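Q: As a plain string of letters, each chain reads:
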Amino acid sequence: MKSKNIFKILLTAIFSFAMLISCDYDDVNQDPTRPGGESVELVAIVPAMQTQTHRNIDAVLGRYAGIIMQQWQGFDAQQLQYTSYVIGENDTDNPWDFGLYTGSMRDAADIIERATNSGALNTRGVAKIYMAINLGIATNVWGDVPYSEAFLGKENLSPKYDDQEEIYGVLQTLLSGAIEDLNAEDPAGIQGDLIGGSNDQWIAAAHSLKARFYMQQTSVNSNAPQLALDELDMAVSSNSAQLNFQFENTQNGGHPLALFGFQRPNTMIIDGFFSDLMMDDPRMDKYMFEEEGNFFFFDSSNPNLFWAQLDSPNPVISYSETKFLEAEALERTGGDGTEALQAAVRANMAYLGVSSAAIDTYIAGLGEANIETIILEKYKAMYGQSPMQVWNDYRRTGFPNITPNENGVNGNNPSGIVPRRLLYPISERLSNPDEYQAAIDAQGGHLLDDDIWVFPSN
Amino acid sequence: MEHLQTHTTILTFFVTGVLNEQNISVRGGSEKIKYFLSGGKLHQTGVAPTEEFNRRSFRADISSQLREDFEISASGTYVTSGGRRVQRGSNVSGIMLGLLRTTPSFDNGNGLTGREAADTPSTYELPDGTQRSYRAGVYDNPYWTVAKNPSTDDVKRFIGRLSFDYKPLDWATVRGTLAYDEYSDVRKAGVDINSAGNPQGQVSDLSIFSEDINTQLLFLVDRDISENITFSSVLGYDGFTTKSLTRQAIGNNLTIPGFFHVSNTASQSVFENVGRKQLDAILADVKFGFNDTFFLNGAVRNDWSSTLPENDNDFLSYSAGGAVVFSEFFDNSGFFNYGKLRGSYGKTGNDAPIFATTTYYNAAVAGGDGFIDGNQFPIFSTVAFERSAQLGNAEIRPEVTKEFEVGAELKFWNSRLRLDVTYYDKETTDQIISVDQPAVTGFTSRIVNAGVISNKGWEVLGFLNPVKTENFNWNIDVNWTTYENTVEELTDNVESIFLSGFTSTSSRVIAGEPYGAIFGSRFDRNENGDVLIGDNGFPLVDPEDGVVGDPTPDWTMGVRNTFTYKNFSVSALLDVRQGGDVWCGTCGIIDYFGTSQKTAEQREITDFVFEGVNANTGAVNTTEVALADPANGLGSYRWVRYGFGGVSEDYIFDSSWVRLREAAISYQLPQSLLDVTFFNSGSITASGRNLFLITDYPGIDPETNLTGSSNGIGLDYFNQPNTKSYALTVKLNF
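Respectively, the protein sequence lines represent chains A and B.
In this text, residue positions in the first sequence follow the working numbering: the first is 1, and each later residue adds one.
In this text, residue positions in the second sequence follow the working numbering: the first is 1001, and each later residue adds one.
Because the hints were derived from the structure by calculation, they are not lab data.
Note that the structure is a prediction, hence the values are computed from the model and not measured.
Glycine is no exception: its CB is placed at the ideal position from the N, C-alpha and C atoms.
Please note that a few of the clues may not be correct.
Claimed, not checked - Facing chain B, from chain A, some residues (calculated, C-beta under 7 Å):
#1 V28
#2 D31
#3 T51
#4 P95
#5 N244
#6 Q251
#7 N266
#8 T397
#9 G398
#10 N401
#11 I402
#12 P404
#13 N407
#14 S415
Unchecked claim - With a straight-line Cα cutoff of 16 Å, these simulated EDC-like cross-link-like pairs (lysine to aspartate or glutamate) come out:
#15 A:K154 with B:E1071
#16 B:K1402 with A:D31
#17 B:K1156 with B:D1119
#18 B:K1167 with B:D1069
#19 B:K1340 with B:E1395
#20 A:K154 with B:E1395
#21 A:K160 with A:E368
#22 B:K1243 with A:D434
#23 B:K1347 with B:D1425
Produce the entire structure from the sequences given, and follow the hints as far as they go.
A: What follows is the structure, encoded as structure tokens:
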């Protein structure tokens, strides 16, 4: 009898425990240190998109472009291999994955979707501009890239790669949409903008960017220069109207070039081609200093180095670049680009803080504009602000006429020429294999010496 | 270490560590109350200068028989430990990087060695306060690291247990247990001004708090059904909760050198992470025995886990087994005296990682550059969030492992020869893994139930007692294991999953390959497997990476011999591993830097012909090349031309080894000696660990693994060597 009772009591005890189990677990499995998507406002996502984008411009992809274009060279460790074009499928993972697609482009796509739902049109306009800047970088580096099927999470686990010609159409559509959104009535205005630009400033930047993307097509579209000129009427019109993203004087908030200088000291320095070119240029001290025959782009205690301070800026697109685009577009449409070239150089030097006397002297020596002078001057002016544009210009004009690295032949670059693109990252080969292969087949390869559509080598 | 032999600086850097340990314990009590008290103290100096570790522990166990049928017990252990650590990791302050990436002709110690060098600032510091290092501050001088980058930890841990046993009947017990395990781990790491990784200096304060609580209420029955049939069973509840809290403050840019406090930093970032989980289960277990010959058992358990989606949060596990002692059927007094066959089959479930059902937003960090730190928000006096790169899964299911096992236990020669053989075949389906997905989807990974992983293997335990006399005894224990851990399939669109390593060489999960396969760059080959050689005479690298090694050993074996003669005993444990690839990442890097013995010996070679065929003509390669001709530029060198660390395939080595893991000689103090003291017994033991290692592997001890004992295996990248140790132990009981 006794044992039966005990057994009953025990069973009751155990099953009442089991009843307790069915209590609410939901709270336990919610991370209290991170918000879910519903509680995050646009104002909190815009700064992430902007910071990642401006970092992308001068971080690893910028360094590859600058090294390939012989503004920098490797001095030790990995940067040496990049200098001899050993840049493989492993070396493009980080910028593709976390710089662009699950970085700034994710943020831009997220903002565009949210702003569409909430009617925050001005903010959506800025997000479209940033999407265009990043998509532009992606297609400059890799040609065909995913866009139309991208950013859908598990709804589409293998987004296709869009043809580069279509991507160039998308870039214009994004920027036209941005202009429309920024002109629209939106009581909330632009939310979360770290730069604090006015709607008009952002609209002007969008026109400059449209011109930049048209001019990138000079080899494949004979209307490109005229289309660019049409945009330039409404583009960025002075250094003071230019939008600059300002990094801050802390390691956390520091400019990527300064961070590289601090954290990877003496592994990358100024290339001899560039230091020779800049001899006697009033910007030389703003870009580099000499020590024992080598030229360095970074020194923690040298305040003159304009682009290598923790709190250096990064322009959305500079007034100077806008004028370079104009000078080239004029030359290509039978006009004279000399005045625009002079304005471009003047704007760049003034922005860097060169004295007006030195600027005048320099400009007096420039002479008549032609494509080669324009691109060479642009090469000097774009240092540090957007290395990708320098590589783009080289690939479509052949200027400046740099000599390929003497050890530049390797499995990724069989012909040893100055690279025309980078390899798709290994993450795509392993996780999006069919579309990856289709894109490579469509472009006839993806090695460093394979052309992308917009920059054919002849 | 043959690859590293020119590096005498390694040998002069490391020092002899000394460990001192004292323990004392008291046991006693009466019929009704029993107690056990102990205390211990340990002090250890490490093999790197300045490395130090201390531990103090206290323990008390008490139990009381309150009534004939009711006993309660309590125990508590408190341990406080910590010390000063050194940077071991793969970063520019890692001491192995500093040691090996320095050319042998540069003396990191500046004429001094070991602790003396670390204690003398002129070893690693120049008069202007900057660092004295080879390679101009790319990597820290290891003496700088140990002297100027202090890292301390302070761990306090309490483990407590309360339980009662109520025995209302002599065959029934009710047992309740509450077990509590809590620790705090407070760490501080300083990086002084002018360090390679952070020339402005840094302080990191990290605090980790963790608490695990386990509650059990069990009803145990142990009752023979008849004279020939035994029966026992357990029915009960088992609950587990765990909570953790991690807080970190990182301050950058010091003003006062060597003062590692957040108040001395110009900018800070702070982090807080929480982990928590609850698991509840009810369980039942029964065992029958017949005539001591046949045994049957069955168990079932149902778990509810907070980590699974709320509407489908439980999973069932069960197992059934049987055994037969077949030696009962015949006369077992002869040479073969015992034989048992056993078999079992079971299914177990497993829950998901915490917080995996939701897609969160994280404090934004601008990253995407493997060379520099991210821009971590809040910065610019602004808050920013961004969607996590990992997609949550609200439909995650528990993973299931099914295991089938058979075994035999055989004893011969009065049990002086024993053999225990087991074969197992395990298959895990619906494995919960974070799989990579293309970043172009806006996420780089998602948690899914993916794939099938099988693990089959043999385990053999052997024992032989070849000599047994009154004064002399010799025992041989052998264990031998082999297994195959294969990834049978993965989910759609997932070709491989990264476990650990680098983007260049990693340990991965790849369908059809052994678990943890080593993946990296390799030479280009034609269909016949010939390496393709370029017109310049150097092999070409396949633009696509692939599997280059299998880290799973063919088999491993341990053999322990123990000899006892009167009061003396001698034992030795030999460990053998046959096969298993290891990637010597260290070798690739020091070849690249030209600091290895190999590059010193081969740099003069000017007529080397690589084996393979010309990539264009298909003809057997005959082109002679100079391995390192300065006239062709540094980039042309055999060890530089393939980039930093070379081609992964070049640095995959067989790691087979034989090592003397442990050897000891021990002396039991004779009673005659003890009689004149108040001690009851005592012993003196001299022992050593890792006394020798025989291997063809060119790097340091191939047993070390980059990521510790985590899933990824077979990676050696500036790992710190294993240590050889000697110990003298004196034990006295009273």
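Q: What are the numbers of the hints the structure violates, in ascending order?
A: 5, 8, 9, 10, 11, 12, 14, 15, 16, 17, 19, 21, 22
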